[in-house]
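For reference, the chains in residue letters:
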Amino acid sequence: MYNFECDVAIVGGGPAGLSAAVAAKKEGAKRVLVIERDESIGGILQQCIHPGFGLTYFKEELTGPEYAGRFAAEAVELGVEFLLNSMVLEVNEKENTVICVNKEYGMTEVKASSVILAMGCRERTRANIMIPGSRPAGVYTAGSAQRLVNRQNQLVGKKVVILGSGDIGMIMARRMTLEGAEVLAVIELMDFLAGLTRNKVQCLDDFDIPLYLSHTITKIDGYQRVKGIYFAQVDENKKPIKETEQYIECDTLLLSVGLLPENELTRKAGIEINPITNGPKVNQYMQTSAEGVFACGNVVHVNDLVDNVSVESMKAGKFAAQYAMGTLPKTQKIVQNISGENVRYLCPHSLSVAEENEKVSLYFRVLHPDNKVTIRVKSGDQIISSKKAQRVNPGEMEHIEFNTSDVAGDNVVVEVVKEA
Amino acid sequence: MKKEIICTVCPMGCRITVEGEGENIISVTGNICKRGEVYASAEFCHPVRILTTTIKTDNEKTPLVPVRSEKPLPKEKVMDCMEVIRKQVAKTPIAMYDVLVENICDTGINIVATGAVK
Chain S
1 MYNFECDVAI
11 VGGGPAGLSA
21 AVAAKKEGAK
31 RVLVIERDES
41 IGGILQQCIH
51 PGFGLTYFKE
61 ELTGPEYAGR
71 FAAEAVELGV
81 EFLLNSMVLE
91 VNEKENTVIC
101 VNKEYGMTEV
111 KASSVILAMG
121 CRERTRANIM
131 IPGSRPAGVY
141 TAGSAQRLVN
151 RQNQLVGKKV
161 VILGSGDIGM
171 IMARRMTLEG
181 AEVLAVIELM
191 DFLAGLTRNK
201 VQCLDDFDIP
211 LYLSHTITKI
221 DGYQRVKGIY
231 FAQVDENKKP
241 IKETEQYIEC
251 DTLLLSVGLL
261 PENELTRKAG
271 IEINPITNGP
281 KVNQYMQTSA
291 EGVFACGNVV
301 HVNDLVDNVS
311 VESMKAGKFA
321 AQYAMGTLPK
331 TQKIVQNISG
341 ENVRYLCPHS
351 LSVAEENEKV
361 SLYFRVLHPD
371 NKVTIRVKSG
381 DQIISSKKAQ
391 RVNPGEMEHI
401 EFNTSDVAGD
411 NVVVEVVKEA
Chain H
1001 MKKEIICTVC
1011 PMGCRITVEG
1021 EGENIISVTG
1031 NICKRGEVYA
1041 SAEFCHPVRI
1051 LTTTIKTDNE
1061 KTPLVPVRSE
1071 KPLPKEKVMD
1081 CMEVIRKQVA
1091 KTPIAMYDVL
1101 VENICDTGIN
1111 IVATGAVK
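Each protein sequence line maps, in turn, to chains S and H.
Position 79 (the first sequence) corresponds to 79 in the working numbering; numbering is contiguous.
Adding 1000 to a residue's 1-based position in the second sequence gives its number in the working numbering.
Derived by calculation from the structure, the hints in this document are not laboratory data.
Values in this document were obtained by computation on a predicted structure and should not be read as measured data.
Misleading hints may appear alongside valid ones.
[What the hints assert, rightly or not] Label pairs and their computed distance ranges (CB to CB):
1) H:M1012 with S:T125: 47 to 57 Å
2) H:K1071 with S:K333: 51 to 61 Å
3) S:E419 with H:E1021: 37 to 47 Å
4) H:K1118 with S:E243: 30 to 40 Å
5) S:E356 with H:P1074: 55 to 65 Å
[What the hints assert, rightly or not] So the derived list for chain S, only partly shown, Cβ under 10 Å to chain H, looks like this:
6) S40
7) Q46
8) Q47
9) I49
10) T63
11) G64
12) A73
13) G180
14) L184
15) N199
16) K200
17) Q202
In this text, a Cβ means the ideal position worked out from N, Cα and C, and glycines have one as well.
So here's chain S without its partners, still in its complex pose (with noise of 0.2 Å):
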């Protein structure tokens, strides 16, 4: 078996694996050591060429090539070593080492201080939402069909139906519409748009494309290749009433039903999960249940901005770099980070306080939309930090910051209030 030693392995060369390099590098780890499956490091991005990314990180508006390019540029420029096409197939967590195959060293195993998990999410496909009827050719999640056409030149279909009013459906509604295919529908179950207005504004109605709400596919036809689908309204139970049945002929469908983060290794490697995200558990360090493997990105839980996800992994990178090191802060006490009202689920989901002060962010999602808020973090009786927010809606990542030396005890809690 060939045999490769770093300080810092970093699973996945997209933009959490990316951003993680840059800043281990930075934090003084001598050899960082990223392995990419794919034949080229960028990730995802280097497939979404629209624009829409940067503007929080760079305060400009880039496209994804455009802001994969400058982290791949910046970790090549600081010496980051790259392993392409290579599979990693097990993580383990007791001598942090890496395996992973690839064509040219065949297995290699990674000997590493610490390791970054950066796998990202993966989409969910016609059988997690299980679609009755055949199956022909012609099923694409919107994310394979994105690859194809924007990276393969492959068209994959002239008449095309969406399933989902997520970004990623929106955004191939428009790409194919530009290719030359006929988007004839974008299907929701929900009675809300999924994705951005902006995004309904800019790829659906510039394109006269119309968005059924409430609306779900019942049935594919076809045999060998898509012929049409049927499609119906839904009641609030979101049941398909029949009355209201359609057919639309069509010789492709996408979905954009959603992501999931992409765990088997962490799985594998017993590491702890949190049933919500479906992503390890972290703490501010976005290190996991093992002490030498950190993780970050959507790996851990599915953002909305890739800028977040630069920033969270730029903390992954640093802290795994300090571990590797020796530098990072002793843990005193454990805090559990505990989700109160209108809060879904809190990343990191823990806190290990040492003895200096540190200032923390906590990222959380909330449950339902809500506006005219109050954030705040309890601790004790105490409320240790709080802020108002005009809006919150759950496909919007909200934070909080708030410092360690405040906590008292061995638990906080962030609520969203109404505004008394």
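Given chain S, put chain H in place with the hints provided.
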């Protein structure tokens, strides 16, 4: 003429009604901030969009290079620009921000690469 415009400046998505003729705006209503008024007025007179797409390359391994319009283009020219772009084959190597189509459809705007191909 009256036109309803959904504001895309922030996630509020205000429904703004603009009344006017050509460049002449009589009223803007429904917005809750100044930015909405500016956006809706521009969208009423001269709607523009950044165009992002791909151009074929002469490299078999990397058959496409992502591109964008350097600046937002007039919305009504987007499909004409696609016609021009579809006929292009870019010579490799291509560096980030190389100009691949100059002054597309006489808009004065260039189409540039947003990726590199060896």
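The hints, checked one at a time:
1. At roughly 34 Å, the beta carbons of M1012 of chain H and T125 of chain S sit outside the given window of 47 to 57 Å.
2. As the Cβ distance of K1071 of chain H to K333 of chain S is approximately 54 Å, the hint placing it in 51 to 61 Å holds.
3. A hinted range of 37 to 47 Å holds for the C-beta pair E419 of chain S and E1021 of chain H, which are about 43 Å apart.
4. The given range of 30 to 40 Å is broken by K1118 of chain H and E243 of chain S, whose C-beta atoms sit roughly 58 Å from each other.
5. Checking the proposed 55 to 65 Å range against E356 of chain S and P1074 of chain H shows it holds: the Cβ atoms sit about 57 Å from each other.
6. Evaluation of the S40 of chain S hint against chain H yields a held restraint, the C-beta minimum of about 9 Å falling below 10 Å.
7. Here the hint on Q46 of chain S is kept, as its CB sits about 7 Å from the closest CB of chain H, short of 10 Å.
8. Among the interface hints, the one on Q47 of chain S holds; its C-beta lies about 9 Å from the nearest C-beta in chain H, closer than the 10 Å criterion.
9. With its C-beta approaching chain H no nearer than about 4 Å, I49 of chain S sits inside the 10 Å limit, and its interface hint holds.
10. About 5 Å separates the beta-carbon of T63 of chain S from the nearest beta-carbon of chain H, less than 10 Å, and the hint is met.
11. Contact between G64 of chain S and chain H, as hinted, is supported at the beta carbon level, the nearest pair being about 8 Å apart and thus within 10 Å.
12. A distance limit of 10 Å between C-beta atoms decides the matter here; for A73 of chain S the minimum to chain H is near 9 Å, and the interface restraint holds.
13. Interface hint at G180 of chain S: satisfied, since its Cβ lies 8 Å from the closest Cβ of chain H, which is below the 10 Å cut-off.
14. With its C-beta approaching chain H no nearer than about 18 Å, L184 of chain S sits outside the 10 Å limit, and its interface hint is violated.
15. At a threshold of 10 Å, the smallest CB-CB gap from N199 of chain S to chain H is about 9 Å, leaving the interface hint in force.
16. Taking 10 Å as the C-beta contact cut-off toward chain H, the hint placing K200 of chain S at the interface holds, the least distance being around 8 Å.
17. For Q202 of chain S, the interface hint holds, the least distance from its beta-carbon to any beta-carbon of chain H being 6 Å, beneath 10 Å.
Checked against the numbered hints given earlier, the structure breaks hints 1, 4, 14 and satisfies all the rest.
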